[in-house]
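One line per chain: the protein sequences are A and B, in this order.
At position 462 of the first sequence (counting the first as 1) the number is 462 in this note's numbering, and the numbers step up by one without a gap.
Count along the second sequence starting at 1, add 615, and that's the number in this note's numbering.
Accuracy of the hints is not assured; some may be wrong.
Example chain A residues on the side facing chain B (calculated, C-beta under 8 Å, incomplete) [said to hold, decoys possible]:
1. 299
2. 316
3. 321
4. 323
5. 476
6. 485
7. 488
8. 516
To be clear about the criterion: a stretch of chain B counts as covered by chain A if any three or more of its residues have a C-beta under 8 Å from a C-beta of chain A, and this derived list gives those stretches [what the hints assert, rightly or not]:
9. 659 to 665
10. 684 to 692
11. 701 to 711
12. 732 to 739
13. 755 to 769
None of these hints come from the bench; they were simulated from the model.
Note that CB positions come from ideal geometry on N, CA and C, so glycine has one too.
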Amino acid sequence: MHLKSPDDLEQFRTRILEKRKAQDTKKRVVLCTGTGCRGAGALDVYDAFKKALGNKSDIEFKTTCCHGFCERGPITIIEPEGIFYQRVTPETVPQIIAETVKKDQMIEELLYQDPQTEEAIPAEKDIPFYKKQNRLVFGHNRLIDPTQIEDYLAVGGYQALVKALFSMSPEEIIAEVKSSGLRGRGGGGFPAGRKWESCSQAPGDVRYVICNCDEGDPGAYMDRSLMEGNPHRVLEGMIIGAYAIGAHEGYVYVRHEYPLAVENVGIAIEQAHKMGFLGENILGSGFDFDVTISKGGGAFVAGESTALMASIEGYVAEPRAKYIHTVESGLWDKPTNLNNVETWANVPVIIEKGAEWYSKIGTEGSKGTKIFSLVGKINNTGLIEVPMGMTLREIVYDIGGGIPDGKRFKAVQTGGPSGGCIPEEMLDLPVDFDALTEAGSMMGSGGMIVMDESTCMVDVAKYFTNFLKDESCGKCTSCRDGTLRMYEILDRITKGEGKEGDIELLEEIGWTTTEASLCALGGTAANPVLSTIRYFRDEYEAHIKDKRCPAGVCPALITYTIDAEACIACGKCKKECPTKAITGEKKVPHEIVQAKCIKCGTCKEVCPVDAVKVE
Amino acid sequence: MSEKELVRFQIDGLEVEAEKGQMLLPVALEYGFEIPHLCYHEAVSPYGACRLCLVEVTKGGRTRMTTSCNYPVDAGIEVATATENVLRARRMILEMLLARAPHSETILTMARSAGIEETRFPIIDDADGCILCGLCERVCREVVGANAITFVNRGDKREMAPPFWDPMACIACGACVYVCPTDCIKMEEQGDERTIVRWKRTLKMQPCKSCGKPFAPQFQLNWIVDRVQLPKDFFELCPVCRKQKK
Numbered sequence: 001m002h003l004k005s006p007d008d009l010e011q012f013r014t015r016i017l018e019k020r021k022a023q024d025t026k027k028r029v030v031l032c033t034g035t036g037c038r039g040a041g042a043l044d045v046y047d048a049f050k051k052a053l054g055n056k057s058d059i060e061f062k063t064t065c066c067h068g069f070c071e072r073g074p075i076t077i078i079e080p081e082g083i084f085y086q087r088v089t090p091e092t093v094p095q096i097i098a099e100t101v102k103k104d105q106m107i108e109e110l111l112y113q114d115p116q117t118e119e120a121i122p123a124e125k126d127i128p129f130y131k132k133q134n135r136l137v138f139g140h141n142r143l144i145d146p147t148q149i150e151d152y153l154a155v156g157g158y159q160a161l162v163k164a165l166f167s168m169s170p171e172e173i174i175a176e177v178k179s180s181g182l183r184g185r186g187g188g189g190f191p192a193g194r195k196w197e198s199c200s201q202a203p204g205d206v207r208y209v210i211c212n213c214d215e216g217d218p219g220a221y222m223d224r225s226l227m228e229g230n231p232h233r234v235l236e237g238m239i240i241g242a243y244a245i246g247a248h249e250g251y252v253y254v255r256h257e258y259p260l261a262v263e264n265v266g267i268a269i270e271q272a273h274k275m276g277f278l279g280e281n282i283l284g285s286g287f288d289f290d291v292t293i294s295k296g297g298g299a300f301v302a303g304e305s306t307a308l309m310a311s312i313e314g315y316v317a318e319p320r321a322k323y324i325h326t327v328e329s330g331l332w333d334k335p336t337n338l339n340n341v342e343t344w345a346n347v348p349v350i351i352e353k354g355a356e357w358y359s360k361i362g363t364e365g366s367k368g369t370k371i372f373s374l375v376g377k378i379n380n381t382g383l384i385e386v387p388m389g390m391t392l393r394e395i396v397y398d399i400g401g402g403i404p405d406g407k408r409f410k411a412v413q414t415g416g417p418s419g420g421c422i423p424e425e426m427l428d429l430p431v432d433f434d435a436l437t438e439a440g441s442m443m444g445s446g447g448m449i450v451m452d453e454s455t456c457m458v459d460v461a462k463y464f465t466n467f468l469k470d471e472s473c474g475k476c477t478s479c480r481d482g483t484l485r486m487y488e489i490l491d492r493i494t495k496g497e498g499k500e501g502d503i504e505l506l507e508e509i510g511w512t513t514t515e516a517s518l519c520a521l522g523g524t525a526a527n528p529v530l531s532t533i534r535y536f537r538d539e540y541e542a543h544i545k546d547k548r549c550p551a552g553v554c555p556a557l558i559t560y561t562i563d564a565e566a567c568i569a570c571g572k573c574k575k576e577c578p579t580k581a582i583t584g585e586k587k588v589p590h591e592i593v594q595a596k597c598i599k600c601g602t603c604k605e606v607c608p609v610d611a612v613k614v615e
Numbered sequence: 616m617s618e619k620e621l622v623r624f625q626i627d628g629l630e631v632e633a634e635k636g637q638m639l640l641p642v643a644l645e646y647g648f649e650i651p652h653l654c655y656h657e658a659v660s661p662y663g664a665c666r667l668c669l670v671e672v673t674k675g676g677r678t679r680m681t682t683s684c685n686y687p688v689d690a691g692i693e694v695a696t697a698t699e700n701v702l703r704a705r706r707m708i709l710e711m712l713l714a715r716a717p718h719s720e721t722i723l724t725m726a727r728s729a730g731i732e733e734t735r736f737p738i739i740d741d742a743d744g745c746i747l748c749g750l751c752e753r754v755c756r757e758v759v760g761a762n763a764i765t766f767v768n769r770g771d772k773r774e775m776a777p778p779f780w781d782p783m784a785c786i787a788c789g790a791c792v793y794v795c796p797t798d799c800i801k802m803e804e805q806g807d808e809r810t811i812v813r814w815k816r817t818l819k820m821q822p823c824k825s826c827g828k829p830f831a832p833q834f835q836l837n838w839i840v841d842r843v844q845l846p847k848d849f850f851e852l853c854p855v856c857r858k859q860k861k
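Given the sequences, and given the hints that come with them, work out the whole structure.
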């Protein structure tokens, strides 16, 4: 079916909606098979459903990609009631069909339980994790099988494209995006409309648009989940952008470690071609546009715009100086507009609902919503989408459900590996581009790693600096050797070999790395070190001066002992100790022979009465 | 052809003039300003890796630190070559470079004149003097055209090496030896063999038909003959004998 006009599209959409309306009240099983749920065994659950339902079932079975609450995967939703089942296994599938689907009976064990009230919550919409979110961009994921373009059309897909192509001029689109206040979601936060405008005005006939899906932050997977779960939305944003800028060729740059994203966007491009959303004379508008997938090798630095363009051209991904901006001379020296997945995915809703509507969401300087990957020491791990300006406290406690095991919140690391750590006293900070930068961190692409009292901030800084020294492209001395030298010093400090002057030296190297490096990655590579020194200097000092790790993490600086009075002499720790460092008999309190102890922490983990102490 | 546009701007308060878009470092050097630099060479395109040629540039009221080797000059910019920030960053960078090339006279001299006697950083394991400036790679690619050297790996594991560690494309011309600022690429000649030690490339040299002295690697001469499409016997004589014959 090739759609040749907006009317064709609307007729086609009406047919889909009519067909679906008839099925609306029928039972449907929706299973998330995004990468997160796959990791938890969703494909086995898929097979089990297929087997149990057979081919001739009148129960609709649908797979989608990520819904966001990945920690509870595999997630299954029973529609039309919207019952949320978590951690579904193949064994429970027959029961789900027999009881819930056929008899409307709830299976208590599969329901989400409120950690505070311990009450089971049957409906997805009532779960606190979802309740406070504003899923403007991410919300459609749970309604869409990414391999079915009809699903995207059913939720109003490509409506914005029609509006853009047939009732707006390129200038009007750019003006709309400008006044929406949309800022780039990939890290820099540059106003998207201004970027589009510069690119559209740059001299030359050939222009490119690029979608950056190189997301390289450890633990962050917003872009992957959008690309896997709703690729048409990203494509629609790109087509609108290309039309506004005057580009006829686009690239999706995606890392090869994202096989499902590559697959799904590939299918989407093929479908969009067949139906007339891509290719020549899109929907009869006279506008031509095509998209090619370019797979990256997975270097962190390849997400930097100039490095990414070098990579598409076939060179090593290495940033270049940007005295001439990429909007004037980018890919193959042509004017190029690059935005990340989430930025592109925001475009359709801006065009559809208008800048005025969109700019009501968010803060003065940061409009719209932002998707974060909320991970670390937090009860509800997953992807969340919130309006800009929500406080960290609301994110961590209301959506994230607080810290597990009653532990105390310590810091949240935002902005990916080169972001910074924000301490407890700043929990009421509204999360937007400017507030985070002012706090010494950054929005980045939206990573959020929560840390509790058992996290050592020196160890955290060391972890991220190690990542950055491996992932620096290695060109600038100040970044390559700066990250290396900071790592060496942090390593020494965590091993109890820190010395007077180390903190000052770290600050000095950090300053040089920030100021003297070429690209934004070098410019932020010292953030983990500098922000932890800024907010947790006492922890550094404890390591260096007192040879003590207050969080009890750095093995060289801690001692495990057994509290003889608390010990019930059960023998568990003695049995599990890998170095046989624990003495004692049944009924004789155990003791750790320090010379043999390798500080692995196993005894503390297995002790049933918490008699193992760390100091 | 439009004429090149000349622009006026300031370096350390001095009014200077240059073609718009020319890189700042060569202009400043021409005017006699001293800006230390290691990865810049006039024969190849600027790269901005060593970060020593940092200066502060004020443009449109905004001041920022930037490398001068790849900064295109523009009218009205104000350049400061030795601000406190510039010197501070440069000192740290020199300490870092010293730990990579502790015996390089060039770097030792630069460090001393910046007030650095020794580096606080442990010397890199197997420090062989390479500071990863990439001059060898650029001269081999841009000037020679042999593409026999490349960057390998990233981050602190980065190194200069022949592609796939196989020097098969190296013509042992010695251009890399010539441009290397720390002299860490050595060339040796023994009998009728020339070796570029760092790339482990040994090639047999062609003897001069007249004096019999080996004068250049056979592989290199054939490569040039092929590339420039010279007569096959073009390099029968060594440069000295050829001159005499004329």
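Here is how each hint holds up against the structure:
no.	hint	result
1	299	holds, 6 Å
2	316	holds, 7 Å
3	321	holds, 5 Å
4	323	holds, 5 Å
5	476	holds, 5 Å
6	485	holds, 5 Å
7	488	holds, 7 Å
8	516	holds, 4 Å
9	659 to 665	holds (count 4)
10	684 to 692	holds (count 3)
11	701 to 711	holds (count 5)
12	732 to 739	holds (count 3)
13	755 to 769	holds (count 3)
The structure fails none of the hints (numbered hints given earlier).
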